[in-house]
Amino acid sequence: MGKGEPAKLYVNGAILGYKRGLRNQYNHTSLIKIKGVDSKEDTEFYLGKRVAYITKVTATDKYGSRFRVNWGRVCRAHGSNGVVRCKFRRDLPPQSIGGRVRVMLYPSTV
Amino acid sequence: NHPDEDSTTAATGKMVAAGSKTAKVAKGPRWYPAEDEPSKKKAVVVKQNEVNTGNRKKKGYCTDNQIKISNTQFYHPQPTKIRASITPGTVLILLAGRFRGKRVVCLKALESGLLLVSGPYKVNGVPIRRVNQAYVIATSTKIDVSKVDVSSITDAYFARDKSSEEEEFFAGDEPKKAVVSDQRKKDQEKVDAALIKSIDSVPLMKNYLKSKFSLGNNDKPHEMVF
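Protein chains in written order, with this note's numbering: chain F, 117 to 226; chain D, 126 to 351.
With the rest of the complex left out, here is chain D (with noise of 0.2 Å):
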């Protein structure tokens, strides 16, 4: 959407010869703003001529006030849209992953789209974890989690530990082992107390919890609800 300065398309509308001396005729912009006035936050103005600012504000032509806006402008980006059906409480069942089938607790959306998730772990072995959207469907069981307090769990609590890029290069291609810290192991037991108390309040969520999905010979998953 630059206003194209090769063009050579004047603002009459009359064609002009390329190359010709008639050729640099005031020609205007190929986008014009919706908004009389462009809005300050908005606009990032990248070039504008300095000659005839006062054309600015006139709907219109700008005659020789040539403004290019990046179209970065327009990007602003959203925050993951989560689907309705899943909310912190909701019983999710995991699609895919080391987990699959496990009916597992949402606890919160973090900020980068996915989900946090906890089995919890003493019900049915899940942790603490994300999970993305995608991977899951939504039961409408819900349980009440407004008791747990999962407020320190952010996105930078699951990045990997910084090795050096030498020590992996030779540590060989074998899958390494897993080391729970232990701070995990104490975050996940604070969850989880406060998890467990809701879910006992619930008669059977329990075994719910500890039951996986799984789809039978003759189960139509388009005809089921969650």
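Pulled out of the complex, with its shape left as it was, chain F reads as follows (with noise of 0.2 Å):
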């Protein structure tokens, strides 16, 4: 943690895969492994909590940035391993199934 350095406020998340049975898949529910996160009551602390899908492009935003984050929410646990369900504003792409994410630390209840 030196002087100038960024602090680094978020957890490392994977995304695993849409929200699915066998054969249907949900488009609008991206499930994500949250780092250090192995069971169901791990979770709680993390629902609520802002997710970042961040991308990078070409074309930069009106403040210089070439990095654009897709916002969502981890909504609930998946399952009894600390698999959470997350939606986003505008649903994960597929090609972002492997890939990760920042699950913030705000809003926070502590």
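There's no promise every hint is true.
To be verified - Lysine-lysine pairs mimicking DSBU-like chemistry, simulated, CA-CA at most 30 Å apart:
1. F:Lys124 - D:Lys206
2. D:Lys302 - F:Lys172
3. F:Lys203 - F:Lys135
4. F:Lys172 - D:Lys345
Worth flagging that the hints you see were computed from the coordinates, not collected in a lab.
Take each chain as given, in its own frame, and dock them per the hints.
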């Protein structure tokens, strides 16, 4: 933790796929595996937290940034092993499966 | 919850054909007040039949008397509930915004529900600022802020200058340069003077406030005690 380094205030998560049964999938809800969260009790802390799916793009926005964010929220636990269901403003693209997501620490209830 | 004037079910439960001569039968209101006598403060009586006011005190059927009470009487905006872990003097970790990761002292809760916070400025560069409790983690560390006077700082203190719309429209999209008024600098000095005294009295508190909070690679916030 150097003086000028940005603080990391999120937990990494992996995109596992969409909510689905074997033959039907529901793209509006994605499944996320949050690092270090391995049981249903552990997910309670993360419920409601905002999730960011960040992509890099060639065009700059008005502030000069090339990063675009698709915001979402952790909705509920999925199963008993710490996987979590998230809904995003725009459904996650299928290319993102296996990709990285940032689970922020806000809105905080601590 | 308004007694439905168009209802075709009479008070006695008899179904009456709409449009028939007997359609206008005495019917009870759909909503019965819990108290016998509606409290004077709460009830906003919008419309009341003048006939048969004597029936009002009767619990149960009000036959000809139809009292319409607006739903807005039930809405009483309450002050925002601040988490129990956040009190004046608590050290907070800012989770988002320009000063994310910084540890900061909570001074008080403002009327709007936002928290008034100060770095102090000399310690970590955070000025007197407002922050929403949702974007903050409250630590168990407390500083004595009884000697700090922030009574003059309210939500109005942070209101933006109202320049004319036209000026802003012509100014364009570029972010405006922030100008810190002298008033703010003075208030900052005043608040921080008392704060820094409290901070210096606790060993390592200054270093603690200077340091940033950051999650390490194997950190699990759901297992942390703040």
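Hints, one by one, checked against the model:
1. With a C-alpha separation of about 29 Å, the suggested pair Lys124 of chain F and Lys206 of chain D falls inside the 30 Å cut-off, and the hint holds.
2. At most 30 Å may separate the alpha-carbon atoms for a hinted pair to count; Lys302 of chain D and Lys172 of chain F meet this at roughly 28 Å.
3. Among the hinted pairs, Lys203 of chain F with Lys135 of chain F is consistent with the structure: their alpha-carbon atoms are about 10 Å apart, no more than 30 Å.
4. For the hint linking Lys172 of chain F to Lys345 of chain D, the alpha-carbon distance of about 27 Å falls within 30 Å, and the restraint holds.
When each numbered hint is compared with the structure, no violation occurs for any of them.
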